Amino acid sequence: MILISRHKKYSFFKKSFEQVENSVFDQKLNGLLFLNTADLIKIEDHIASLPLDWVIIFNGPEWLYKVKFKKWSVRVLHAPVIDIPSLRLMKDSFILIREPSMKKDRYTIIYELREYIDFQLLGEQSSIISVAR
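Numbering (this note's numbering), first residue to last: -4 to 128.
These aren't lab readings, by the way, just hints derived from the structure by calculation. Source: prediction; values computed, not measured. One thing to keep in mind: the hints can contain errors.
With a straight-line Cα cutoff of 25 Å, these simulated DSS-like cross-link-like pairs (lysine-lysine) come out [what the hints assert, rightly or not]:
id, residue 1, residue 2
1, K98, K3
2, K23, K10
3, K66, K10
4, K63, K3
5, K23, K98
6, K86, K61
7, K3, K37
8, K23, K9
9, K37, K61
10, K23, K63
11, K9, K65
12, K99, K23
13, K86, K3
14, K65, K37
15, K23, K4
16, K86, K4
17, K23, K65
18, K4, K63
Given the sequences, and given the hints that come with them, work out the whole structure.
Have a look at this one:
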């Protein structure tokens, strides 16, 4: 079991967003999905519906990354390209959400990928349906 202090965890979250934004994109991001190959089946059907301000960081073989990059048509990075040392400590897939604030950004980590994405998509769809009526 590996314990990470609150300060190190916060630093990891902040560094993750900074590195993805600075090295690849010019847009402020609100969500990072750290996805391992083992969890791919759980959410593959929903990946095309992810918000535009999210990025998938895929941790798997390079050949599979290239196949998924073409198929998903969303922002996907191959994990070995991102230089975040603590990433090796994260064995499970997770979603990292940033909630910007005036003083200090807040971060939420979610391990229930399928349930969270289902909830988010259903919530967005129901609000769109009610506005359209």
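Failing hints, ascending?
3, 4, 7, 11, 18
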